[in-house]
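Once you've looked at the hints, dock chain B against the given chain A.
2 protein chains.
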Amino acid sequence: MQPYDLIFNKRNGGTLQPEEIEALIAGYTQGEGVTDYQMAALLMAIYFRGMNEDELGHWTRAMLHSGVVLEHPEIAGAKIDKHSTGGVGDKVSLSLAPLVAAAGVYVPMISGRGLGHTGGTLDKLESIPGFRTDLPIERFKAQVAELGCAIIGQTGEIAPADKKLYALRDVTATVDCIPLIASSIMSKKLAEGLDGLVLDVKTGRGAFMTELDQARQLAETLIAIGRATGVETVARITAMDQPLGRAVGNALEVVEAIETLRGKGPDDFLDVVLTLSAEMLRLAGVERDHQAALELLQGLIDSGAAFGKLREMVSAQGGDESVLDDLERLPRAKESFDVLAPESGFIHVLDALVVGRTARMLGAGRKAITDAIDPVAGLVLERKRGDGVDKGDRIAILYARDHSLFEPAAHRFLSGLVIGEAPIGEQPLLIDRIA
Amino acid sequence: MQPYDLIFNKRNGGTLQPEEIEALIAGYTQGEGVTDYQMAALLMAIYFRGMNEDELGHWTRAMLHSGVVLEHPEIAGAKIDKHSTGGVGDKVSLSLAPLVAAAGVYVPMISGRGLGHTGGTLDKLESIPGFRTDLPIERFKAQVAELGCAIIGQTGEIAPADKKLYALRDVTATVDCIPLIASSIMSKKLAEGLDGLVLDVKTGRGAFMTELDQARQLAETLIAIGRATGVETVARITAMDQPLGRAVGNALEVVEAIETLRGKGPDDFLDVVLTLSAEMLRLAGVERDHQAALELLQGLIDSGAAFGKLREMVSAQGGDESVLDDLERLPRAKESFDVLAPESGFIHVLDALVVGRTARMLGAGRKAITDAIDPVAGLVLERKRGDGVDKGDRIAILYARDHSLFEPAAHRFLSGLVIGEAPIGEQPLLIDRIA
Numbered sequence: 223m224q225p226y227d228l229i230f231n232k233r234n235g236g237t238l239q240p241e242e243i244e245a246l247i248a249g250y251t252q253g254e255g256v257t258d259y260q261m262a263a264l265l266m267a268i269y270f271r272g273m274n275e276d277e278l279g280h281w282t283r284a285m286l287h288s289g290v291v292l293e294h295p296e297i298a299g300a301k302i303d304k305h306s307t308g309g310v311g312d313k314v315s316l317s318l319a320p321l322v323a324a325a326g327v328y329v330p331m332i333s334g335r336g337l338g339h340t341g342g343t344l345d346k347l348e349s350i351p352g353f354r355t356d357l358p359i360e361r362f363k364a365q366v367a368e369l370g371c372a373i374i375g376q377t378g379e380i381a382p383a384d385k386k387l388y389a390l391r392d393v394t395a396t397v398d399c400i401p402l403i404a405s406s407i408m409s410k411k412l413a414e415g416l417d418g419l420v421l422d423v424k425t426g427r428g429a430f431m432t433e434l435d436q437a438r439q440l441a442e443t444l445i446a447i448g449r450a451t452g453v454e455t456v457a458r459i460t461a462m463d464q465p466l467g468r469a470v471g472n473a474l475e476v477v478e479a480i481e482t483l484r485g486k487g488p489d490d491f492l493d494v495v496l497t498l499s500a501e502m503l504r505l506a507g508v509e510r511d512h513q514a515a516l517e518l519l520q521g522l523i524d525s526g527a528a529f530g531k532l533r534e535m536v537s538a539q540g541g542d543e544s545v546l547d548d549l550e551r552l553p554r555a556k557e558s559f560d561v562l563a564p565e566s567g568f569i570h571v572l573d574a575l576v577v578g579r580t581a582r583m584l585g586a587g588r589k590a591i592t593d594a595i596d597p598v599a600g601l602v603l604e605r606k607r608g609d610g611v612d613k614g615d616r617i618a619i620l621y622a623r624d625h626s627l628f629e630p631a632a633h634r635f636l637s638g639l640v641i642g643e644a645p646i647g648e649q650p651l652l653i654d655r656i657a
Numbered sequence: 223m224q225p226y227d228l229i230f231n232k233r234n235g236g237t238l239q240p241e242e243i244e245a246l247i248a249g250y251t252q253g254e255g256v257t258d259y260q261m262a263a264l265l266m267a268i269y270f271r272g273m274n275e276d277e278l279g280h281w282t283r284a285m286l287h288s289g290v291v292l293e294h295p296e297i298a299g300a301k302i303d304k305h306s307t308g309g310v311g312d313k314v315s316l317s318l319a320p321l322v323a324a325a326g327v328y329v330p331m332i333s334g335r336g337l338g339h340t341g342g343t344l345d346k347l348e349s350i351p352g353f354r355t356d357l358p359i360e361r362f363k364a365q366v367a368e369l370g371c372a373i374i375g376q377t378g379e380i381a382p383a384d385k386k387l388y389a390l391r392d393v394t395a396t397v398d399c400i401p402l403i404a405s406s407i408m409s410k411k412l413a414e415g416l417d418g419l420v421l422d423v424k425t426g427r428g429a430f431m432t433e434l435d436q437a438r439q440l441a442e443t444l445i446a447i448g449r450a451t452g453v454e455t456v457a458r459i460t461a462m463d464q465p466l467g468r469a470v471g472n473a474l475e476v477v478e479a480i481e482t483l484r485g486k487g488p489d490d491f492l493d494v495v496l497t498l499s500a501e502m503l504r505l506a507g508v509e510r511d512h513q514a515a516l517e518l519l520q521g522l523i524d525s526g527a528a529f530g531k532l533r534e535m536v537s538a539q540g541g542d543e544s545v546l547d548d549l550e551r552l553p554r555a556k557e558s559f560d561v562l563a564p565e566s567g568f569i570h571v572l573d574a575l576v577v578g579r580t581a582r583m584l585g586a587g588r589k590a591i592t593d594a595i596d597p598v599a600g601l602v603l604e605r606k607r608g609d610g611v612d613k614g615d616r617i618a619i620l621y622a623r624d625h626s627l628f629e630p631a632a633h634r635f636l637s638g639l640v641i642g643e644a645p646i647g648e649q650p651l652l653i654d655r656i657a
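Chains as they are written, first to last, in this note's numbering: chain A, 223 to 657; chain B, 223 to 657.
Honestly, the hints are just simulated from the structure, not real lab data.
Check before you lean on any hint, since a few could be wrong.
Copies of the same chain look alike in the list, so a pair counts if it works inside one copy or between any two.
Below, in silico cross-link-like pairs of lysine to any residue (SDA-like), each with a Cα-Cα straight-line distance of 25 Å or less [unchecked claim]:
1) K386 with Q224
2) K386 with R623
3) K486 with A590
4) K613 with Y226
5) K589 with D435
6) K613 with R634
7) K589 with D227
8) K386 with D258
9) K613 with V508
10) K606 with F270
11) K486 with S525
12) K589 with T257
13) K589 with Q224
14) K486 with D542
15) K589 with N234
16) K589 with N231
17) K486 with P351
18) K385 with E517
19) K386 with Q376
20) K385 with S537
If we strip away everything but chain A, and leave its shape as in the complex, we get (with noise of 0.2 Å):
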């Protein structure tokens, strides 16, 4: 395998043979023989040209392989994990996971950081005095077994080349590559050693696929790696046009995830959990129609038994549990900063994007990978799109460690809104399932 004839064969148009992908990823990832600036040059010509699905297959194939895949012979039931490609509000696995779990699934979790507007799944979880996400693989593959869920954070051992391909991708404009996400997203998910994957694919203003037809794409693109290498693989597609729930921000997420499960999440928030989990019991066979399975899960959160998987979960992990049941131990931020209504009407527009943003201007999110987070700021909405809203209303509340922050920060939620004086139709959450 040389480096410069795989570059010269795919600018061209060509298709990549699977030893030669093999060795292309084994040789970068081992730094031998395959260099920084060759594989820049092909993932440029990736970015031009495109991979078919058995080119996606063999090059996820060998990135998932470049690290440690786990096995779970000790687990005899069905391996689900659920992959959300991300948006504002997303406090999805927080629920889910437990919830999953509580119906018997077995949800190994591995998770990212992320550059996102707020932080990733790992650092609202870290929200939680003393809860760790980096447990040794054993120690996670132990608690999976045991308890049917464990969240942690990637490791060096699983898929180190997607590490490495990310950074490069990362300062060379080579993300927004629907064969490279796809393949990422798929090489660290399918070492976690699945019998089945959901996807969330989201689209809109806060997402990483704005359009429709292109998250669409990338869909498709994941199922097709899902069928190249055997694992099952659905995905739904969800709006990401407004936040997700109300709160927006890490400690202040960890708070709706933990009252969903308590029963009292917001009805957006709580329709993508349910609609995932079924999806998910599904894959398992545990129940195969989706609105006994929606059914199924609604009665694990009204029983309880959802909670109490979550408590084990923290526990296990290292949580201070009693933060469950008085979530005022949760860190809280001294500030707060009221987002009043400037005019009265139907609020038409609340931009995702924007408010996600916003947070991050309050701290809730990182600019650069070595940034720290503040976990008690964010932002909750008290308005969502639709409401109607009279002038001076309450429509968010700031919160950071810094008064200074909020004035800009306001300013800045405002520009995301959109009131006007007509009512407005609601917008489908769940647009679409492909599988």
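Relative to the frame of chain A, chain B by itself:
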């Protein structure tokens, strides 16, 4: 200037701004702020997206100004150079530079070494004992001012950006990209401080641009850069389906170039030398009428003036001028081998690429830039395309240091030879003129 933004913008089909291009090329050349992998990604994006005339002008100017740009305040007359995209048996510069200088035009020729089937102009000249192609810039300039011509090698002072970019393109499959080829050629040539430039863009089996439409596109791009940078540029597109002239190899080509200036050169080679030289006279304003220029140049050959200028140049650059009077004093192979016609008929194809590779097998060319060249190796064609042959007639004589090279080389040579029964018409050598 953030390299990321430039990659992103170009990848999306955008236009790079003058100040961005300047900062990029300067940063890359100095190794400050622009990494190899970012440049590799950008080059691949340029491969797919191209550059418009403005961008190309700025890109070339930035490369040009990455190093020394010659000025010739001591020369009142026109400074005109010629560049060829290269072909098999292309020893044009060796005859053309002294010929044009003999007509009163100044020819400051900085030439490449390259990775051709035979050496480049420099390698050919260096087969003249003592000939130095590494004159310091000041001495080069003084020689041009005094004699009218000098031929030296690329120095680190001239367009260092090109050297670094070329090395990167060479390993990232971005060599065969017209805007990058064109800016590379023009940045080095324009650094010579020219008033005009004549381009010999070759097309056919033995050329870099095998297809005529590619050659035309390259010629037009080169001329566009000339326009953007204010240097009048004319291109001739010439055929490279069979080797130019009869000699292929370093010392062998020097012999042919010398004989041409003594009025004994092969017609096709002379035709190209005179045509390109006439274009240079036209750009210099010495003789605007093409036919009159051809006659003037033929007169300079017939009178011995051109040969005399070659003698002055060889002597000024430290070469043993006695070889000009006694060609036997040039290095010569001890071993030779006759390639005979395997059948009777007419030569329909004498594939320039195959002949070039044969010469390289004999030791005349390099595979890697560090390879040594054997000045005596190569071949002389006794028959060319269109010639009638009887079975057993000598078609070529191979020369090498080592007799064991002949068998495989002759085999290779014959693989590029097609003898047909019917006579075959001439193909035009001078295909087009673009100005």
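Results for each hint:
1. K386 with Q224: both (20 Å within a copy, 21 Å between copies)
2. K386 with R623: neither (35 Å within a copy, 50 Å between copies)
3. K486 with A590: Neither: 35 Å inside a chain and 71 Å across chains, both beyond 25 Å.
4. K613 with Y226: neither (64 Å within a copy, 44 Å between copies)
5. K589 with D435: Answer is neither: 28 Å inside a copy and 48 Å across each miss the 25 Å cutoff.
6. K613 with R634: within (18 Å within a copy, 88 Å between copies)
7. K589 with D227: Classified as between; 16 Å across copies, 37 Å inside a copy.
8. K386 with D258: both (9 Å within a copy, 16 Å between copies)
9. K613 with V508: Answer is neither: 50 Å inside a copy and 83 Å across each miss the 25 Å cutoff.
10. K606 with F270: neither (39 Å within a copy, 44 Å between copies)
11. K486 with S525: within (13 Å within a copy, 104 Å between copies)
12. K589 with T257: The answer is between: 22 Å across copies meets 25 Å, while 28 Å in one copy does not.
13. K589 with Q224: between (37 Å within a copy, 16 Å between copies)
14. K486 with D542: For K486 and D542, only the intra-copy Cα distance (21 Å) is at most 25 Å; the inter-copy one is 97 Å.
15. K589 with N234: between (36 Å within a copy, 23 Å between copies)
16. K589 with N231: For K589 and N231, the Cα distance is within 25 Å only across copies (21 Å; inside one copy 36 Å).
17. K486 with P351: Within one copy, since 23 Å is at most 25 Å while 93 Å is not.
18. K385 with E517: For K385 and E517, the Cα distance exceeds 25 Å both inside one copy (39 Å) and across copies (68 Å).
19. K386 with Q376: Intra 13 Å, inter 38 Å, cutoff 25 Å: intra-copy only.
20. K385 with S537: Answer is neither: 30 Å inside a copy and 61 Å across each miss the 25 Å cutoff.
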